[in-house]
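Undergrad: All chains, please: the whole structure from these sequences, using the hints.
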Amino acid sequence: MKTQFQGGPNIAMKVPPHQYEATVAFYRDVLQLAELPNQNEESTVFKFGENNLWIDSVNTVSQAEIWLQVITSNSSAAENHLNNAGISRCDTIEPLGDEFDGYWISNPASIIHLIDGVETH
5 MKTQFQGGPN
15 IAMKVPPHQY
25 EATVAFYRDV
35 LQLAELPNQN
45 EESTVFKFGE
55 NNLWIDSVNT
65 VSQAEIWLQV
75 ITSNSSAAEN
85 HLNNAGISRC
95 DTIEPLGDEF
105 DGYWISNPAS
115 IIHLIDGVET
125 H
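In the numbering used here, the protein residues as written are 5 to 125.
Since the hints were derived computationally from the structure, they do not count as laboratory data. There could be a bad hint or two in this list.
Claimed, not checked - Beta-carbon label-pair distances, calculated as ranges: (1) Gly101 <-> Pro41: 16 to 24 Å; (2) Pro112 <-> Leu35: 29 to 37 Å; (3) Thr27 <-> Asn88: 31 to 39 Å; (4) Asn42 <-> Thr64: 14 to 22 Å.
Even for Gly, the Cβ is constructed at its ideal location relative to N, Cα and C.
TA: So, in structure tokens, the structure goes:
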């Protein structure tokens, strides 16, 4: 069975705290995107077409980064496929919790991707 991937519904923009409010204001006030309910005080979520754009205030970044969600029905098979392609996990980037069926990778251009095994959550 061939491993299949598809883009997930979430895009995360990690921004330094000193840029957070202005970035949120850009999407809310300038582009006038619809803000979605969210329980995390350090994140704001906007409807971004078919996707959700999460803007996260992150103390450990010095410039904005884009992180992408990729979903697969079998995260273990996906890991083998990615390893065979020379792509390694980088789980230390951000904790996902023990119950989460997924992990972090980085593409060759250093863009972070969340590989999400959607069938278990």
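Undergrad: Would you mind marking each hint as holding or not holding in the structure?
TA: Quick rundown of the hints versus the structure:
Between Gly101 and Pro41 the Cβ separation comes to about 21 Å, which falls inside the hinted range of 16 to 24 Å. Checked against the given bound of 29 to 37 Å, the beta carbons of Pro112 and Leu35, roughly 30 Å apart, stay inside it. Taken as a hint, the range 31 to 39 Å holds for the pair Thr27 and Asn88, whose Cβ atoms sit roughly 38 Å apart. Range check, Asn42 to Thr64: about 21 Å between beta-carbon atoms, so the 14 to 22 Å window is met.
Of the numbered hints given earlier, the model fails none.
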